[in-house]
Amino acid sequence: MKHRLLFTGKKFFRMALLLLGVSLAAFLLMSASPLDPLQTNVGQAALGTMSQEQIARLEEYWGVNEPPLRRYLGWLGDVIRGDLGVSLLYRQPVTQVIGQRLQNSLWLMAAAWVLSGLLGLTLGVLAGARRGRAVDKLIRGWCLLLSSTPAFWLALVLLMIFAVWLKVLPSGLAVPIGVDAASVTLGDRLYHAVLPALTLSMTGMPGIALHTREKMIDVLESDYVLFARARGESNRSILLRHGLRNVALPAITLQFAVISEIFGGSVLVEQVFSYPGLGQAAVTAGLGGDLPLLLGITVVSAAIVFSGNLIADLLYGVVDPKIRRGAARA
Amino acid sequence: MNGFNRRRAALCLLVLTLGLLCAVTAAGTLLAGQAMVTDFTRKNLPPCVPFLFGTDWMGRDMLSRTLTGLSLSIRIGLLTAAVSAGIALLVGACSALLGGWVDGALSWFVDLVMGIPHILLVILISLAFGKGFAGVVAGVALSHWTSLARVVRGEVLQVRAMPYVQVAEKLGLSRWAILRRHLLPHLLPQFLTGLVLLFPHAILHEASVTFLGFGLPPEQPAIGVILSESMGYLTTGKWWLAVFPGLSLVGVVVLFALLADQLRRLLDPASVHE
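So the protein sequences, as listed, match chains A and B.
The opening position of the first sequence corresponds to residue 1 in this note's numbering, with each subsequent residue numbered one higher.
The opening position of the second sequence corresponds to residue 1 in this note's numbering, with each subsequent residue numbered one higher.
Errors might be hidden in some of the hints.
As the list claims (entries may be wrong) - One-sided and incomplete, this derived list gives chain B residues near chain A with beta-carbon spacing under 8 angstroms:
hint: 1; residue: LEU106
hint: 2; residue: VAL110
hint: 3; residue: ASP111
hint: 4; residue: GLY115
hint: 5; residue: LEU120
hint: 6; residue: ILE125
hint: 7; residue: LEU127
hint: 8; residue: LEU204
hint: 9; residue: VAL250
hint: 10; residue: ALA257
What the hints assert, rightly or not - Quick look at which bits of chain B chain A covers, simulated, 3 or more residues with Cβ under 8 angstroms:
hint: 11; stretch: 208-222
hint: 12; stretch: 231-240
Derived by calculation from the structure, the hints in this document are not laboratory data.
Glycine included, each C-beta is placed from N, C-alpha and C at the ideal position.
Given these sequences and hints, build the entire structure.
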């Protein structure tokens, strides 16, 4: 037990250090940008008509003249107190903007995450078990095609088919237009999330399916499966008892590694469906030069990715008896 | 079927895909001028015989726009994948050969880069370089090296522990000779395959980032720009503006993926006798 705690503690420390690194890297990249936030948000024409004082006030608001190092240290000091700053575009605390957006995105991403994992695992196991047959070829071709398809184009095509052509699903947004927030039902929300979630799950699925297939083939070629076959075990029992148990470990790794990919996909998919989630906020913040918001989103998304890795590491011990006993012995 | 084994079939396929990609690049470069020509007498034409991919709201020929965009994508893909693979080789080899705290620091840095969702990192780097061509090239090139660097590091560590390298060290061969004679020949196939496998990712990310507005400028006929412009015309039923350019992009990416597959089959010693 003590080892598990020590292991977890070490991982947490490493994660905190990495998050610090991520925030510094993101901050440096943003402050190195030659793009002037005043030009992008106010415009050349409007700036020309302004007085020096007005421009100076705007410069102070956007933090143009503050030295980067002092700005970063100030930001870091606030973060330790739980304050991520104020978004320059939304004029709300960053924590509030992210919280709101995350609520919308989280359901979307969670649905896509579960769906892509289930689909990927099923297809991967199926293809691996029927290696070389028509099913395998079909699944592999499908995965190759999907992994070569940009997420935003897939979103566009699905949008065209289901919203413009068949008119069965809404063409965007998270809630119906012209309805006040109190009377939006859960059904409405689900109805609007179907297409984005479906598109998003397609971006994570091929990787999981192809890797699971490889692993499944390895397992089925092993000596213990040969022995099981010689003992007269049925194919079904071999697949369930030997195949699935041994595929479980890499499946966990893949399932948690795909989080980063799904987050990346959500940036694109939310943009196409005008879905007011975290990804869309990231694009808005990036285009508008909203440093605190983009920094906040980067750190939060990196924290989600690192937590995923941490959970995967901890789950290994639960799933794999070899690691569990190894840790107990050490 | 004697004399036409799987190796030779793979080689044929490799040449074919390479030829196709070169043809697309050449056609796109030649048609670059035509992609900008506007003609309001022929605007919004659905696909027909003179304009196979249709025309847009300014009467520009979508076929030449698509080809120009693809050739731009392929060239950016080649450039970024090469730079990315170079960084991967350098980081991976340094990490494995120098060891100690250098290894620790570089591994930490790889974890850091991998922790930021890919698109977000490309956006951040592109912003740092002021968007546009420089932004997108830097963004894609500086963000794709991590997994290949890990592969290179693992390979170098593995080869260095091999008996024949140990013997070579005991025989007094210089470090440089070992690197050149034993490490490089072993690494090259893995590295080349990794390099080609980077192309599809690089092309897809270039298109995605341009689509979001952080990449190539809107006046350039890049696939990302074409698709992002088509968004405004989808609800009016102009499906050809999005379908054909996207499909061609998928086609090019699939070609690159096939290319990598054939190359691996040819270079992998395990499949020499197939």
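*Which hints from the list above does the structure break, by number from lowest to highest?*
Numbers 1, 2, in rising order.
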